[in-house]
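Let the sequences and hints guide you as you build the complete structure.
Number of protein chains: 2
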Amino acid sequence: MDNYLKMIGQYLDDIPLTKEPRNLYEPVAYCLANGGKRIRPVMTLLACKMFGGNLKEALPAAAGLELFHNFTLLHDDIMDDAPIRRNKPTVHEQWNANTAILSGDVLFAISSQHVSKVPDAHLRPVLDLFYQTVTEVCEGQQYDMDFENRHDVSEEEYLEMIRLKTAVLPAACLKTGAIVAGAPAADQELVYRFGELIGLAFQLRDDWLDVYGDLEAFGKKTGGDIVANKKTWLYIKALDKADKQQQENLIKAFSDESLEDDEKIRLVTSVYDELNISDDAQQKMKEYYALASVKMDRIDLPGEQKSELIAYADQLLNRNK
Amino acid sequence: MDNYLKMIGQYLDDIPLTKEPRNLYEPVAYCLANGGKRIRPVMTLLACKMFGGNLKEALPAAAGLELFHNFTLLHDDIMDDAPIRRNKPTVHEQWNANTAILSGDVLFAISSQHVSKVPDAHLRPVLDLFYQTVTEVCEGQQYDMDFENRHDVSEEEYLEMIRLKTAVLPAACLKTGAIVAGAPAADQELVYRFGELIGLAFQLRDDWLDVYGDLEAFGKKTGGDIVANKKTWLYIKALDKADKQQQENLIKAFSDESLEDDEKIRLVTSVYDELNISDDAQQKMKEYYALASVKMDRIDLPGEQKSELIAYADQLLNRNK
Chain A
46 MDNYLKMIGQ YLDDIPLTKE PRNLYEPVAY CLANGGKRIR PVMTLLACKM FGGNLKEALP
106 AAAGLELFHN FTLLHDDIMD DAPIRRNKPT VHEQWNANTA ILSGDVLFAI SSQHVSKVPD
166 AHLRPVLDLF YQTVTEVCEG QQYDMDFENR HDVSEEEYLE MIRLKTAVLP AACLKTGAIV
226 AGAPAADQEL VYRFGELIGL AFQLRDDWLD VYGDLEAFGK KTGGDIVANK KTWLYIKALD
286 KADKQQQENL IKAFSDESLE DDEKIRLVTS VYDELNISDD AQQKMKEYYA LASVKMDRID
346 LPGEQKSELI AYADQLLNRN K
Chain B
46 MDNYLKMIGQ YLDDIPLTKE PRNLYEPVAY CLANGGKRIR PVMTLLACKM FGGNLKEALP
106 AAAGLELFHN FTLLHDDIMD DAPIRRNKPT VHEQWNANTA ILSGDVLFAI SSQHVSKVPD
166 AHLRPVLDLF YQTVTEVCEG QQYDMDFENR HDVSEEEYLE MIRLKTAVLP AACLKTGAIV
226 AGAPAADQEL VYRFGELIGL AFQLRDDWLD VYGDLEAFGK KTGGDIVANK KTWLYIKALD
286 KADKQQQENL IKAFSDESLE DDEKIRLVTS VYDELNISDD AQQKMKEYYA LASVKMDRID
346 LPGEQKSELI AYADQLLNRN K
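Those sequence lines, one after another, are chains A and B.
Position one of the first sequence corresponds to residue 46 (my numbering), numbered consecutively onward.
Position one of the second sequence corresponds to residue 46 (my numbering), numbered consecutively onward.
Among the clues, some could well be false.
Since copy identity is lost for identical chains, a pair holds within one copy or between any two.
Taking lysine-lysine pairs in the DSSO-like style, the calculated list, with each CA pair at most 27 Å apart, reads [unchecked claim]:
{"no.": "1", "residue 1": "Lys94", "residue 2": "Lys51"}
{"no.": "2", "residue 1": "Lys64", "residue 2": "Lys276"}
{"no.": "3", "residue 1": "Lys297", "residue 2": "Lys309"}
{"no.": "4", "residue 1": "Lys94", "residue 2": "Lys275"}
{"no.": "5", "residue 1": "Lys64", "residue 2": "Lys275"}
{"no.": "6", "residue 1": "Lys133", "residue 2": "Lys340"}
{"no.": "7", "residue 1": "Lys286", "residue 2": "Lys331"}
{"no.": "8", "residue 1": "Lys275", "residue 2": "Lys162"}
{"no.": "9", "residue 1": "Lys276", "residue 2": "Lys133"}
{"no.": "10", "residue 1": "Lys286", "residue 2": "Lys51"}
{"no.": "11", "residue 1": "Lys289", "residue 2": "Lys275"}
{"no.": "12", "residue 1": "Lys133", "residue 2": "Lys51"}
Keep in mind the hints are simulated off the structure, nothing from the lab.
This is the structure we're talking about:
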């Protein structure tokens, strides 16, 4: 794993960003220096390796997909008016919104450039997948924004939103690695679905951690989604299961601007607890994991070739702790 | 020409945009319905035709380049806080800034998708050119924003800014047509330079028209750039030629917020007139046109094959009136 991270880090560091116009490229370098777990490019390399491909052929596209992910964070942070990303001020805070828009645009262009650096034989399918994924991620972000103003979002709609906003990208990262390795079409599709289901489980885990996670381990203040009135899977599921009184309490807590943060978190969490939402969330994650495992089992490779990717997914979902 | 416009219009109309999420795709459709002169895709088709290529093979990329141009307008209008585009409210005015950012992002993705629909043999060079162009257009926009806060922009810097912001795109449109037609590398380069020089002349003409153009013919109020404190070639050239008193008058007119629009236009234009800036601008356009003609002459094709593109460039620069 360290080796993968080193390859990716080295590749990203070598992208020339200390050039003119400074006001365009400095914010891009600032985003990238911020690090992150590099989950997506690691997935591309793991899938390439699993299917016996040449990692060097997949590396530029892996890095390109990480750059694309950073582009989405940059623009999403403007739209969500988020002040902090990875413990540093966001680009629109550190500079301004115009700088964040334009630096994001050029980062998108740079990401596409690197994604396209696959061998010619794989260029067309990698690009088609990339543009489809970009389009879907934009659709997911739009649904997320639309849902802020709706009070009748169903669980199904929520799951489709997070599928688009967060799950298709890891899926595409895995499939890109598979394409570059020359995997059969059926296996490309299976690894895509595996990634999508792991991505869904990962987002549910994120929703769950925000309420039930440990501040120290997670590095985020617990309850941030509740304070921000973010409609997570927990909230939507709770609203769905709640009786009239509990529904009123939830909606009131989310709309009452006079509430102190701690009190609001306590109120909402108490409804979640009454309804066993934490168990429901863990159950749902397990379901997704089981479905993902079925996809993985059907991939036509010896078990030992799959173990590294499976172990990585387990680690992401914290299943080994 | 009508035939080219019809092909492009038909292709753009067939892109499915009446789909969910509506808040994402409706603004994209709104931009495209707004029309425009379709200069860039026409250039791609003209270059393809000139080099004996198949127009159908160039059409998707031509349309993709027009979509990219529309994407840049959408995001630039947010950054410039422009209320009107082609006689209709801009997207961020009609909806809001977040909608304009995200619809722009998806429009960029859609544009790339169509640019990539060239025959496999031409995919790599077309993409490389496209990403290089996108990056340069972002750089040009950044320089343009940087120049707003500077009072020492040289003519050379200004010309490099408009080269990046506006001239490389028509250049890339022509070269894309040439690539798809299988033109020799030397001719691809020549037609690129032709497009760049015509693009520079076209932007100077735009700067000139803003002050000396006819409201009725041009559809814009004369002096808009002056009212907006936009540093055009005319302003930079005037500052360069002016004596101390004239320099003070210019800078004062641009910084005095108490001035009525008409009075400001009158003051600035009178300095331009004293310095013969209008003649200088026309001279500069002629120079660019002459340089462009040299490039065109060196393209290894019979004159009659070049005449359609030359006539189109003449028409753009209004040389036949």
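Comparing the hints with the structure gives:
With identical chains, the CA atoms of Lys94 and Lys51 are at most 27 Å apart within one copy only, with a shortest distance of 16 Å there and 49 Å across copies. For the homomeric pair Lys64 and Lys276, the shortest alpha-carbon distance between copies (24 Å) is at most 27 Å, but the shortest distance inside one copy (41 Å) is not. In this assembly of identical chains, the alpha carbons of Lys297 and Lys309 lie at most 27 Å apart only when taken from the same copy (10 Å versus 55 Å across copies). Taking the shortest alpha-carbon separations for Lys94 and Lys275, neither the intra-copy value of 38 Å nor the inter-copy value of 54 Å comes in at or below 27 Å.
Proximity of Lys64 and Lys275 under a CA criterion of 27 Å is satisfied inter-copy only: 26 Å between copies versus 39 Å inside one chain copy. Taking identical chains as interchangeable, the C-alpha atoms of Lys133 and Lys340 are never at most 27 Å apart, the minima being 38 Å within one chain and 50 Å between chains. Taking CA atoms no more than 27 Å apart as the test, Lys286 paired with Lys331 passes inside one copy only; the shortest distance there is 20 Å, against 74 Å between copies. Taking CA atoms no more than 27 Å apart as the test, Lys275 paired with Lys162 passes in neither setting, with 38 Å inside one copy and 39 Å between copies.
Taking the closest pair of Cα atoms, Lys276 and Lys133 come within 27 Å of each other only inside a single copy of the chain (25 Å); across copies the shortest separation is 35 Å, beyond that limit. In this assembly of identical chains, the alpha carbons of Lys286 and Lys51 never lie at most 27 Å apart, being 46 Å within a copy and 56 Å across copies at closest. Taking CA atoms no more than 27 Å apart as the test, Lys289 paired with Lys275 passes inside one copy only; the shortest distance there is 21 Å, against 59 Å between copies. Taking the closest pair of Cα atoms, Lys133 and Lys51 come within 27 Å of each other only inside a single copy of the chain (23 Å); across copies the shortest separation is 51 Å, beyond that limit.
Figure legend: structure checked against the earlier numbered hints; hints not met, in rising order: 4, 6, 8 and 10.
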